[in-house]
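Based on the hints, put chain B in the right spot on chain A.
From first to last, the protein sequence lines are chains A and B. This note's numbering numbers the first residue of the first sequence as 1 and each following residue consecutively. This note's numbering numbers the first residue of the second sequence as 1001 and each following residue consecutively.
No wet-lab data here; the hints were simulated from the structure. Please read all numbers here as calculations on a predicted model, not as lab measurements. We treat Cβ as the ideally placed atom computed from N, Cα and C, and that holds for glycine. Be aware that one or more of the hints could be misleading.
Result set (DSS-like, lysine-lysine): computed pairs, CA atoms no more than 27 Å apart in a straight line [as the list claims (entries may be wrong)]:
#: 1; chain 1: A; residue 1: 58; chain 2: A; residue 2: 108
#: 2; chain 1: B; residue 1: 1056; chain 2: A; residue 2: 108
#: 3; chain 1: B; residue 1: 1103; chain 2: B; residue 2: 1057
#: 4; chain 1: B; residue 1: 1103; chain 2: B; residue 2: 1056
#: 5; chain 1: A; residue 1: 74; chain 2: A; residue 2: 108
#: 6; chain 1: B; residue 1: 1012; chain 2: B; residue 2: 1063
#: 7; chain 1: A; residue 1: 58; chain 2: A; residue 2: 74
#: 8; chain 1: B; residue 1: 1063; chain 2: A; residue 2: 108
#: 9; chain 1: B; residue 1: 1103; chain 2: A; residue 2: 108
Just so you have them, the derived chain B footprint on chain A, three or more residues with Cβ under 8 Å [unchecked claim]:
#: 10; segment: 20-32
#: 11; segment: 42-52
#: 12; segment: 98-112
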Amino acid sequence: MALMRKKQRVSGEIPTASMADIAFLLLVFFLVTTVFDEERGLQIVLPEEQSEVDVPQKNVMHLIIMPNGQVRVKQGESTNERMVTAAEIADLWRLAYAANENLIAAVKTDLNAPHKYMIDVLDQLQLAGATRISLQPLEN
Amino acid sequence: MMRQGGLKRKSKTSSEIPSSSLADMAFLLLIFFMVSTTFRKEKPLDIEIPDAEATKKLDVPRKDVLHIWVNRTGEVWINDQLIPMPSVSNIVGGLGAENPTLKIVLRADSEVPYRYIDGVQQELREARSLYLTFYTSVEQRINRERR
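If we strip away everything but chain B, and leave its shape as in the complex, we get:
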């Protein structure tokens, strides 16, 4: 009974949630997302994408997609390289042999004459890569009447 006062010492645990490390956690998350973000390899060309209402999402893994860029003057770019039209079938055929499930996404400028688009299509047929998607963006004309 002599030691009563010493044993029943008041507990000094703080009832507050420690908030001093909250900032560290938030910045850690921020930096994690910044570092883990990967940007696409290809540098976009100056291409104006045509609009289409029937645009559908393509549900394939990114590794199964090959982009073919066609700019306004009809130049064909694959993986950041300018490819002359007759070689497109060789390039696509080579990549298609490595990956049989390859899908082609054709990002062509809306003003490019159709002869180049037709040329690419013929090259793709030659390379036996038949799944083609014309890259379009969803139409954003507000004044267009809804169907």
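Isolated chain A (complex conformation):
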């Protein structure tokens, strides 16, 4: 009986030894989970006002973006158009650019087409290394 009635030895203090661990854990957690909101995107330089440059038609690749996201590709003066999806444009551009180094991409977007389809085409062109890109609205 005497053995069972041992006095309880619970300390009345709050343990402070692990406090530093908790604080550092919080600190490291916030350091790791912080994401810096950096500026990123697709960069482009707009042409100045009233600075229309005449480009020979043979150096232009017309990319006409339809409201449903399909792209009509027409090269220069040739009348035959191809319907492609945005994903094919990078390869198309590389092929055409290999044949003609003065090539300019004229991206004409339908006024009702969602913005993302224009971004898709611009993305493909920039992936393929195109630097001379002209963004225009599609006039009927």
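Below, chain B alone, put in the same frame as chain A:
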């Protein structure tokens, strides 16, 4: 020789690193970072950012960047203010006069019709602010094949 025992007293310096102030230091750091964090002024609109694989980081100081927000219905917001489309060139032109190295970041919803994007572009040309970035996020479609 009489005082020998008194002089050679055992040194009582503790060999342990004091850890009782460690928590205070850690919390101090934590509070420092919490207080020194600044959040961006603009409240984000409900905008879905389009994806693009060719997304590049824009290396310009934050003070040289002006955000133009275009939401799904084609409303243009600059510095938390709704700007009617014809006034965009005045606003951007005024800010561009104060800061000639101003770069524009256009945060447009992926579904907004292109007419509004074209409208903003024309206004920017009018304001002679020609460095434009279309804000995009890096594509995260895993099933897309790598090129």
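Each hint, compared with the structure:
{"no.": "1", "hint": "A/58 <-> A/108", "result": "holds (17 Å)"}
{"no.": "2", "hint": "B/1056 <-> A/108", "result": "holds (23 Å)"}
{"no.": "3", "hint": "B/1103 <-> B/1057", "result": "holds (13 Å)"}
{"no.": "4", "hint": "B/1103 <-> B/1056", "result": "holds (15 Å)"}
{"no.": "5", "hint": "A/74 <-> A/108", "result": "holds (11 Å)"}
{"no.": "6", "hint": "B/1012 <-> B/1063", "result": "violated (58 Å)"}
{"no.": "7", "hint": "A/58 <-> A/74", "result": "holds (11 Å)"}
{"no.": "8", "hint": "B/1063 <-> A/108", "result": "violated (33 Å)"}
{"no.": "9", "hint": "B/1103 <-> A/108", "result": "holds (24 Å)"}
{"no.": "10", "hint": "20-32", "result": "holds (count 8)"}
{"no.": "11", "hint": "42-52", "result": "holds (count 8)"}
{"no.": "12", "hint": "98-112", "result": "holds (count 4)"}
In this structure, the earlier hints numbered 6 and 8 are contradicted, and the remaining ones agree with it.
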